[in-house]
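Chemist: Going line by line, the protein sequences match chains U and P. Residue 87 in the UniProt record's numbering sits at position 87 of the first sequence, with consecutive numbering throughout. Residue 117 in the UniProt record's numbering sits at position 117 of the second sequence, with consecutive numbering throughout.
Source of the hints: derived by calculation from the structure; they are not laboratory data. Quantities reported herein were computed from a predicted structural model and do not represent experimental measurements. Treat the hints with care, since some could be wrong.
As the list claims (entries may be wrong) - Below, in silico cross-link-like pairs of lysine-lysine (DSSO-like), each with a Cα-Cα straight-line distance of 27 Å or less:
1) P:K89 - U:K89
2) U:K2 - U:K22
3) P:K115 - P:K22
4) U:K128 - P:K115
What the hints assert, rightly or not - Derived list of chain P stretches under chain U, where covered just means 3 residues or more per stretch with a C-beta under 8 Å from a C-beta of chain U:
5) 84–95
6) 107–114
7) 130–139
8) 158–165
Just so you know, even glycine gets a beta-carbon here, dropped at the ideal spot from N, CA and C.
There are 2 protein chains.
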Amino acid sequence: MKLYNYFRSSSSYRVRIACNLKGLQYEYLPIHLNRNGGEQFSEEFLSLNPQALVPVLDDGESRVSQSLAILEYLEETHPQTPLLPYASKDRAAVRELSQYIACEMHPLNNLRVLKFLTGTLGLDETQKQTWITHWLRTGLTALERQLSTSPTRGAFCFSDRPTIADCCFVPQAFNARRFGVDIAEYPTLATIERNCEALDAFRDAHPSRQPDTE
Amino acid sequence: MKLYNYFRSSSSYRVRIACNLKGLQYEYLPIHLNRNGGEQFSEEFLSLNPQALVPVLDDGESRVSQSLAILEYLEETHPQTPLLPYASKDRAAVRELSQYIACEMHPLNNLRVLKFLTGTLGLDETQKQTWITHWLRTGLTALERQLSTSPTRGAFCFSDRPTIADCCFVPQAFNARRFGVDIAEYPTLATIERNCEALDAFRDAHPSRQPDTE
Numbered sequence: 001m002k003l004y005n006y007f008r009s010s011s012s013y014r015v016r017i018a019c020n021l022k023g024l025q026y027e028y029l030p031i032h033l034n035r036n037g038g039e040q041f042s043e044e045f046l047s048l049n050p051q052a053l054v055p056v057l058d059d060g061e062s063r064v065s066q067s068l069a070i071l072e073y074l075e076e077t078h079p080q081t082p083l084l085p086y087a088s089k090d091r092a093a094v095r096e097l098s099q100y101i102a103c104e105m106h107p108l109n110n111l112r113v114l115k116f117l118t119g120t121l122g123l124d125e126t127q128k129q130t131w132i133t134h135w136l137r138t139g140l141t142a143l144e145r146q147l148s149t150s151p152t153r154g155a156f157c158f159s160d161r162p163t164i165a166d167c168c169f170v171p172q173a174f175n176a177r178r179f180g181v182d183i184a185e186y187p188t189l190a191t192i193e194r195n196c197e198a199l200d201a202f203r204d205a206h207p208s209r210q211p212d213t214e
Numbered sequence: 001m002k003l004y005n006y007f008r009s010s011s012s013y014r015v016r017i018a019c020n021l022k023g024l025q026y027e028y029l030p031i032h033l034n035r036n037g038g039e040q041f042s043e044e045f046l047s048l049n050p051q052a053l054v055p056v057l058d059d060g061e062s063r064v065s066q067s068l069a070i071l072e073y074l075e076e077t078h079p080q081t082p083l084l085p086y087a088s089k090d091r092a093a094v095r096e097l098s099q100y101i102a103c104e105m106h107p108l109n110n111l112r113v114l115k116f117l118t119g120t121l122g123l124d125e126t127q128k129q130t131w132i133t134h135w136l137r138t139g140l141t142a143l144e145r146q147l148s149t150s151p152t153r154g155a156f157c158f159s160d161r162p163t164i165a166d167c168c169f170v171p172q173a174f175n176a177r178r179f180g181v182d183i184a185e186y187p188t189l190a191t192i193e194r195n196c197e198a199l200d201a202f203r204d205a206h207p208s209r210q211p212d213t214e
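Just chain U, with the same shape it has in the complex (with noise of 0.2 Å):
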């Protein structure tokens, strides 16, 4: 198995985890974002994928982009240790939640969205520091107020045990943390991410600790 990746990606972080939690090796192919204007913009790779984005799964069967796809896909194809609840129900609050990290936190702050602010449009570095914190905040304030009331939530996410929720919001806390939004100001969420840190799974795909790490 093949994973096209970039270490500081957070999407690409997340299928990292995925892995490391099902128990699944694979090759780490590093797609460097800035180097060359970006390397996911050379022939080569668009022919890998036209959307011209990480993390890509090549499993020799088949080639899958969108890191929500692919854990979709790990979970059909590789079902030990789900990242999935069993009732659709449960599936449901999961996805849920995962979707809300995946499309509407993330895609706000994300390097090629953060370039377009300052360059073309030229805001400048208070204004993108704005941007950034506005977004942060708006997402974990929702994030918190759901899970801090969730009957369906334990040590992790949703339940005792570590699901595709997780996987998204590892990498979201991450990132706010790098853009200067501490975590810690989220009572519940900050358990989470500290549970799941306790985790070899989620401390082996940390964007500090890969082969193109800088």
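For chain U, the structure is supplied; the task is to place chain P on it using the hints.
Modeler: Showing chain P alone in chain U's frame:
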């Protein structure tokens, strides 16, 4: 089944299409995203969905938010007229397209983001349009590149039957047109849109035909 939604919301539109394709009746409960500072921020609505977003589906058994979580939930609980293919490899292909639209395109041009850019960050109308057009063209170009070379494309995004990828694509095409980007410039996408629009399920879900249409 109750669907809290808003006529112009792209993610609400996705769920309406899926319900129509599956022949599911629902009670339409309009939540006005602009009126009274946004009805999604009311205490009453927050108790339904702490994420303060539409759509929300309530079938008496579960209350689910996030359109893609809802589509997966409907697929599991009402498997008739499947909106995902059978094989994991194929399901991954459909989810990959859906996630691209839901995570890389839609979040950048939705109402709350545009309001923040022009409000708090003070972008003028020209800058706003530059932002909108850039992300629409980036996204549509990638989708056209992917679908025009896809061996699994048929009359629809995947094969000759509509899937959740089409449920995501058609509302995005509607959005593009609304913001002045002509889908006709993307021949593969234009054909798929035409094929979808030929079906009642898509036509009846259109923002111009809802109880709260203005």
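Chemist: None of the hints should be skipped; say for each whether it holds.
Modeler: Okay, the hints, checked on the actual structure:
With a C-alpha separation of about 24 Å, the suggested pairing of P:K89 with U:K89 holds against the 27 Å cut-off. Pair hint U:K2 plus U:K22 holds up; C-alpha atoms about 15 Å apart against a cutoff of 27 Å. Taking the CA atoms of P:K115 and P:K22, the gap is near 35 Å; set against the 27 Å cutoff, the hint is violated. A hinted pair counts as satisfied when its Cα atoms are at most 27 Å apart, and U:K128 with P:K115 qualifies at roughly 16 Å.
Coverage of the stretch 84–95 of chain P by chain U holds in this model, with 6 residues showing a Cβ closer than 8 Å to a Cβ of that chain against a need of three. For a cut-off of 8 Å, the count of residues in the stretch 107–114 of chain P with a CB near a CB of chain U stands at 3, and the three-residue condition holds. Coverage of the stretch 130–139 of chain P by chain U holds. Counting CB-CB distances below 8 Å, 3 residues qualify, and the rule asks for three or more. Only when three residues or more bring their CB closer than 8 Å to a CB of chain U does the claim for the stretch 158–165 of chain P stand; here the count is 0, and the claim is violated.
Hints 3 and 8 from the earlier list are contradicted by this structure; the remaining hints agree with it.
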